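S.K.: Chain residues, written in single-letter form:
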Amino acid sequence: MSEIFEDILNDCLDRMTNGQSVEACLKLYDSYSRELAPLLEVVILTMNVVALPKYKRSAKAQGLIKLREQIRQTKKPNKSLLQIFMRPLTKPLMLGLFMILLASVTTGGTTIASANSKPGDTLYWIKTSQENLSLKLPRSDLSRAHRQATLANVRGEEMRKLLQEGNFSSAKPLISKIQKHLRKSAVYSGLVIAMDPIEMPLISDVNRSTSAINELRSLLTNDSTKLSNKLNELLSNETEANKFLITQFIRQSELRYRMILEAMDNEALPSKRVFWRVETKAVRKR
Amino acid sequence: MQENLGNGIAMKAGLDGKLNQDIEQLVRNAQRGDQEAFGELYEHFYDKIFRYVSFKSGKGMDAEDITGEVFLKMLNSIHSFKWKGYPFSSWLYRIAHNLVIDHYRKNSKLSPVPLSSIPYDNLPTNAMTLEDSVNLNQSVKRVQDAMKNLTDLQHEVIALRFAAELTIAETAFTIGRKKNAVKALQHSGLKKLRRSLISEPQISGRISS
Chain Y
38 MSEIFEDILN DCLDRMTNGQ SVEACLKLYD SYSRELAPLL EVVILTMNVV
88 ALPKYKRSAK AQGLIKLREQ IRQTKKPNKS LLQIFMRPLT KPLMLGLFMI
138 LLASVTTGGT TIASANSKPG DTLYWIKTSQ ENLSLKLPRS DLSRAHRQAT
188 LANVRGEEMR KLLQEGNFSS AKPLISKIQK HLRKSAVYSG LVIAMDPIEM
238 PLISDVNRST SAINELRSLL TNDSTKLSNK LNELLSNETE ANKFLITQFI
288 RQSELRYRMI LEAMDNEALP SKRVFWRVET KAVRKR
Chain S
271 MQENLGNGIA MKAGLDGKLN QDIEQLVRNA QRGDQEAFGE LYEHFYDKIF
321 RYVSFKSGKG MDAEDITGEV FLKMLNSIHS FKWKGYPFSS WLYRIAHNLV
371 IDHYRKNSKL SPVPLSSIPY DNLPTNAMTL EDSVNLNQSV KRVQDAMKNL
421 TDLQHEVIAL RFAAELTIAE TAFTIGRKKN AVKALQHSGL KKLRRSLISE
471 PQISGRISS
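The listed protein sequences derive, respectively, from chains Y and S.
Whatever position you read off the first sequence (first residue = 1), add 37 for the numbering used here.
Whatever position you read off the second sequence (first residue = 1), add 270 for the numbering used here.
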């Protein structure tokens with residue numbers, strides 16, 4: 038019954054947006070007019086309030102000028118060699134050649150050392166360069182999704198190493214990077230992404246029964262579990278203050294993984310949102 | 271009754287379908303760098319984005335700046351927009367939503383602009399029943415105050431449906447909810463607004479009954 042009324046209310050709103058009067062709507066849904074009328078009064082009042090602010094035409098015109106100027110700036114022909122090499126047809130070929138060149142000028146040992154590096158290390162730039170190049174190579178969307186998930190795991194491992202060293206300030210930005218990779222993984226796997234994960238949870242827009250999506254889900258679940266376990270192991274030999282900080286990292290990284298996994302399972306309902314409690318001394322005393 | 275619902279929805283769906291096709295073509299042209307396409311998208315969405323931003327932020331002068339920023343951000347990010355089943359408008363309003371939030375965060379120390387300084391030009395001259403002897407600025411303040419009693423989602427649905435004039439489907443994509451949930455939020459939001467308006471001291475108007 039409530040759903041029918043909601044449909045009727047919505048239909049009236051659409052009709053009023055298209056110019057029909059309140060009276061016409063009430064006449065159309067005569068048997069619901071008693072409940073409809075007060076709500077439609079609120080609608081009219083709100084519509085009037087919404088319609089009041091007026092922009093200055095000069096502001097709109099200036100905005101358009103700025104937009105066009107920005108378009109001109111981005112369209113300027115760039116005659117650099119890099120632009121020529123990065124054209125759609127030549128881009129994959131040049132990237133591939135560059136990767137071969139990068140691999141050949143770095144010794145095997147250097148490449149291995151860079152693979153284990155973390156933010157702040159000398160060879161870290163080699164690692165990130167290789168990662169960035171690998172992302173630009175032609176791949177399917179699901180392959181990219183896997184790659185981004187792998188990179189999230191790599192960032193998680195870097196974070197663990199930094200936390201082990203007590204370098205909390207360098208570890209902190211890695212949470213955002215983990216989130217960035219997970220979000221990209223979600224987008225490539227076809228999930229609809231909300232810009233603000235706290236206010237607008239993820240919903241899934243794909244057929245989640247495909248084996249490839251399931252494989253990705255397994256990968257993410259395993260990575261999340263491993264990272265949590267490794268970070269929890271760090272707690273045993275730390276001071277209380279550091280334990281608190283590390284726990285924050287555990288919660289933050291679990292939350293990022295949990296959101297994408299829940300979206301894949303279509304469980305992102307308000308009643309099932311993750312609620313994280315920070316354990317304070319007051320709670321422990323109970 | 272079902273037929274009435276069906277006819278109204280079908281008519282709107284038909285018009286929306288054609289419009290969405292035009293928008294889709296404009297967006298694809300804009301992604302290819304067509305300057306005219308950007309201009310057309312700007313003209314098409316400017317009014318509604320401005321109304322949405324004004325409604326959310328309650329600040330007229332800032333709303334113009336934020337609206338401009340929305341389109342600059344659109345320009346910078348449109349190449350990454352992919353047609354994954356949700357309309358372009360949802361993507362654009364998410365940008366607008368986040369810019370308003372960012373603007374609030376950056377300017378949290380600034381005192382809010384009093385409503386009387388908002389440029390309310392061209393006030394409606396045809397007096398509605400509710401507005402017969404009500405000072406219009408006070409009505410605006412009442413609605414703004416009543417909106418504070420809504421949950422974030424109810425507020426967002428009201429803003430997107432009324433200020434941005436999005437359809438239920440577009441609103442659903444924008445906030446990441448299903449259509450039935452949006453209708454329920456719309457209903458509960460309006461009921462709560464009415465309760466809040468009734469509970470405030472009245473000047474005149476039917477809504478007090």
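Everything labelled a hint here was simulated from the structure, so no lab data went into it.
Take the hints with a grain of salt, since some may be wrong.
Below are the DSS-like pairs computed for lysine-lysine, each with C-alpha atoms no more than 27 Å apart in a straight line [claimed, not checked]:
no.	chain 1	residue 1	chain 2	residue 2
1	S	Lys448	Y	Lys103
2	S	Lys343	Y	Lys103
3	Y	Lys64	S	Lys343
4	Y	Lys64	S	Lys462
5	Y	Lys173	S	Lys411
6	Y	Lys263	Y	Lys198
7	Y	Lys221	S	Lys343
8	S	Lys318	Y	Lys103
9	Y	Lys97	S	Lys376
10	Y	Lys173	Y	Lys103
11	Y	Lys93	S	Lys352
12	Y	Lys64	S	Lys461
13	S	Lys411	Y	Lys221
14	Y	Lys221	S	Lys449
15	S	Lys449	Y	Lys214
16	S	Lys354	Y	Lys93
17	Y	Lys217	S	Lys448
18	Y	Lys91	S	Lys352
19	Y	Lys209	S	Lys376
20	Y	Lys97	S	Lys318
21	S	Lys448	Y	Lys221
22	S	Lys354	Y	Lys91
23	Y	Lys263	Y	Lys214
24	S	Lys448	S	Lys462
25	Y	Lys91	S	Lys376
26	Y	Lys221	S	Lys462
27	S	Lys461	Y	Lys217
28	S	Lys418	Y	Lys217
29	Y	Lys214	S	Lys376
30	Y	Lys93	S	Lys343
31	Y	Lys93	Y	Lys103
32	S	Lys354	Y	Lys217
33	Y	Lys217	S	Lys376
34	S	Lys354	Y	Lys97
35	Y	Lys173	S	Lys318
36	Y	Lys173	S	Lys343
37	Y	Lys93	S	Lys411
38	S	Lys462	Y	Lys214
39	S	Lys448	Y	Lys91
40	S	Lys449	Y	Lys91
It should be emphasised that the depicted structure is a prediction, and the values quoted were computed from it without experimental measurement.
S.K.: Among all the numbered hints in the text so far, which are the ones the structure does not match?
M.R.: 1, 3, 5, 10, 11, 13, 15, 16, 18, 22, 26, 27, 28, 34, 35, 38, 39, 40
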